[in-house]
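**Q** Read top to bottom, the protein sequences are chains L and E. Counting along the first sequence from 1, when you hit position 61 you're at 61 in this note's numbering, and nothing is skipped either side. Counting along the second sequence from 1, when you hit position 84 you're at 84 in this note's numbering, and nothing is skipped either side.
The hints are simulated quantities; they were obtained by calculation from the structure and are not laboratory data. Computed from a predicted structure; not experimentally measured. Take these hints with a grain of salt, some might be off.
Below, computed lysine-lysine pairings styled on PhoX-like, alpha-carbon distance capped at 25 Å [unchecked claim]:
{"#": "1", "chain 1": "E", "residue 1": "K233", "chain 2": "E", "residue 2": "K64"}
{"#": "2", "chain 1": "E", "residue 1": "K263", "chain 2": "E", "residue 2": "K284"}
{"#": "3", "chain 1": "E", "residue 1": "K8", "chain 2": "E", "residue 2": "K64"}
{"#": "4", "chain 1": "E", "residue 1": "K8", "chain 2": "L", "residue 2": "K358"}
{"#": "5", "chain 1": "L", "residue 1": "K334", "chain 2": "E", "residue 2": "K139"}
{"#": "6", "chain 1": "L", "residue 1": "K358", "chain 2": "E", "residue 2": "K243"}
{"#": "7", "chain 1": "E", "residue 1": "K258", "chain 2": "E", "residue 2": "K98"}
{"#": "8", "chain 1": "L", "residue 1": "K339", "chain 2": "E", "residue 2": "K283"}
{"#": "9", "chain 1": "L", "residue 1": "K339", "chain 2": "L", "residue 2": "K179"}
{"#": "10", "chain 1": "E", "residue 1": "K233", "chain 2": "L", "residue 2": "K342"}
{"#": "11", "chain 1": "L", "residue 1": "K358", "chain 2": "E", "residue 2": "K263"}
{"#": "12", "chain 1": "E", "residue 1": "K243", "chain 2": "E", "residue 2": "K8"}
{"#": "13", "chain 1": "L", "residue 1": "K342", "chain 2": "E", "residue 2": "K139"}
{"#": "14", "chain 1": "L", "residue 1": "K240", "chain 2": "L", "residue 2": "K108"}
{"#": "15", "chain 1": "E", "residue 1": "K233", "chain 2": "L", "residue 2": "K334"}
Pulled from the structure, derived: some chain E residues nowhere near chain L, Cβ distances all over 12 Å [what the hints assert, rightly or not]:
{"#": "16", "residue": "C134"}
{"#": "17", "residue": "R137"}
{"#": "18", "residue": "I231"}
All C-beta atoms in this analysis are idealised placements derived from N, C-alpha and C, irrespective of residue type, glycine included.
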Amino acid sequence: MFDKLRDWERNRHEYAKAWKEHTGGKVLGYFCTYVPEEILYAAGVLPVRILGSHEPQDVTEPHIFGMFCPFCRDCLAQGLRGRYDYLDGIMIAQSCLHIRQAYTSWEKHRPTEFSYYLCMPHHVQSPRALPYLTEDLAQFKTAVEEWTGATITDGDLDEAIEVYNENRRLLRAVYELRKAAEPPLTGEEAMEMVIAAQMTDKAEHNQELRRILRELPNRQNGRVTGARLMIIGSEDDDTKFMNMVESCGATFVVDEHCTGTRYFWNEVEPRANRLEAIAARYIDRVPCPTKDWVERKRIAHILELAEVWNVDGAVVMQQKFCDPHELDTPAIRKALEEKGVKTLFLEFDVTVPVGQFKVRVEAFLEMLGEEDLFE
Amino acid sequence: MAEYWRWKEYRWHDAEVDWRDGELITAGVDVGSVSSQAVIMVDGELYAFSNMRTGSDSPESAKKVMDWALEGTGLTLDDIGFVVGTGYGRVNVPFSNKAITEIACHARGANFMYGPSVRTVLDMGGQDCKVIRCDERGKVSAFAMNDKCAAGTGRGMEVFADLLAISIEDVGELSLQVDEEPPPVSCTCVVFAKSEATALLREGWPKSQVLAAYCSAMAHRVVTLLEQVGIEKEFAITGGIAKNIGVVSRLEDEIGIKALRSKIDAQIAGGLGGALFAQSLLKKKLSAN
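Same shape as in the complex, but just chain L:
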């Protein structure tokens, strides 16, 4: 049922190249989900998220520190190895220093015809964030217009917003089904679905989601659900890890990370000023820890997801050396444990040490389960 999405996720470069050939349009690679894709899409550009490939590599060593997170190094490696050679542009919205280093190094060593640094404000809780970002988006829109030669009208923005909002609604509709006692899809499938959303034309992705949603409620996937897990943390597209955990007798039923719910949870609410509407969406979305202060708003959201999706335990993961997540992890674990949700903390690297993680995961599941090990 998820074959097509899996194919898009696994063959992301082939998809983008075929799209380019088919439409004659431009493809832009972006580094962080704070990039307002709607504006690019309105100009006929296909935004694709740059992700790593989870292979050991040694090409980034001269360009980026070893104690920067494995994700930013893996992303840069893709650029240096020429896997994204078809990109016409790259951009980043200010998120963390590590990924920005990947972006600037890419810009220097693999220059593209368009490159843009969007100064997404960190202090999203400030009342000044919205007017600031609205203005910044106006400048960005102009830059995109100059690059593509297209004029982006309100009508174009409305269409793009609708395609993106529909995608968000459809993804949430699929997540709704995961509340069931026997979820009709695995966490691995859900992850592939969201990653695919980040690298395909949303109109096409929507079409596929609509088809899936017709069949999904009646799907019998022949699995035993086992422990209901949530996965929380930094960027995470490690489908192999999901598969390993789910083959140990558990199912991920929900997530809270930027290749999952954090990417699509909030819609753009209509406003007369379209750019302000878009800016508000990115200001008010479930925040990434780089932006989640002074008040930690994400925790309440995590607890709600854990409760509504009836979660037994949570895997709290982060990319090794990810300082923003490192700061939030103790507070998140404490809040979950206080609600009776047990947590397992893991640090991810480019490749996951399957043996080492497996024993922790199995022990965690043994801990959650009241299996008949005791008399």
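Fit chain E to the known structure of chain L by using the hints.
**A** For chain E alone, coordinates are given in the frame of chain L:
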């Protein structure tokens, strides 16, 4: 050339007991990265065990260690009602009925060895280290494991025994024979710590002092892992390093808590926990039939 790291393998069985009088005979086989143990229990009492080095082939190691535990008892594998495999090679125990993680097994084993008051178990194994919190039944409530590095583990101690030409069994005692505690070696990486120790020897440090510096670095490293999970009394140590008084006493000093002692060999805790789980599972199996 003498191999100082080579600790003595051994086996034991209770010659006073006739297993034929027992009803429930179960076993736990713990195939670790460095050593393997087989533990046989008869009606919930420790009956026999063996402890040997793990070879390159896990199924073969499991068979060998089990055969050795059975040796001289008249028991055969067929007499054992339920076998639990645990440890790094837990899925490679060909004759096991179920695999359970060593985390669960060490907690269960420690509960038997040290009594139900144990709340924190530190398993210092051959290539990793685990801190386990458990309840009065020996059920795990939280745990933490060291990451990819083997510092602070048995293998590191073996490297030091070899470097200093001191039998591994004597390392702990010798490390305490210093007038003043030296600063710990700064590197916890086994390879780097070895270079550092070589430099100290060249500076004229006696072996006891080099060992003291290493044992205290090891203890210190483990304390940071303990603090991740939090130490609650009573506290116990399992695994091979539990037998190294040089590490244990320094660790106790640093955390200010005495580790419980047991008459039972701390290295068999995992296998013992496996045999205890096997007993519960066998009872359930029999009552279901």
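**Q** Hint by hint, say whether it matches the structure.
**A** Here's how the hints hold up against the structure:
1. E:K233 to E:K64: Distance ~37 Å between K233 of chain E and K64 of chain E Cα, so the pair is violated.
2. E:K263 to E:K284: 30 Å, violated
3. E:K8 to E:K64: 16 Å, holds
4. E:K8 to L:K358: At roughly 31 Å apart (the allowed maximum being 25 Å), K358 of chain L and K8 of chain E break the hint.
5. L:K334 to E:K139: 21 Å, holds
6. L:K358 to E:K243: 28 Å, violated
7. E:K258 to E:K98: Measuring from Cα to Cα gives roughly 35 Å; hence the hint is violated.
8. L:K339 to E:K283: 35 Å, violated
9. L:K339 to L:K179: 19 Å, holds
10. E:K233 to L:K342: 21 Å, holds
11. L:K358 to E:K263: Violated: K358 of chain L and K263 of chain E sit about 33 Å apart, past 25 Å.
12. E:K243 to E:K8: 13 Å, holds
13. L:K342 to E:K139: 14 Å, holds
14. L:K240 to L:K108: Cα-Cα ~32 Å, so violated.
15. E:K233 to L:K334: Holds. K233 of chain E to K334 of chain L sits at ~21 Å (cutoff 25 Å).
16. C134: It is violated; C134 of chain E is separated from chain L by about 10 Å at its closest Cβ, not greater than 12 Å.
17. R137: 5 Å, violated
18. I231: For I231 of chain E, whose nearest Cβ neighbour in chain L is about 17 Å away, the distance exceeds 12 Å, so it holds.
Comparing the model with each earlier hint shows violations of hints 1, 2, 4, 6, 7, 8, 11, 14, 16, 17; every other hint is respected.
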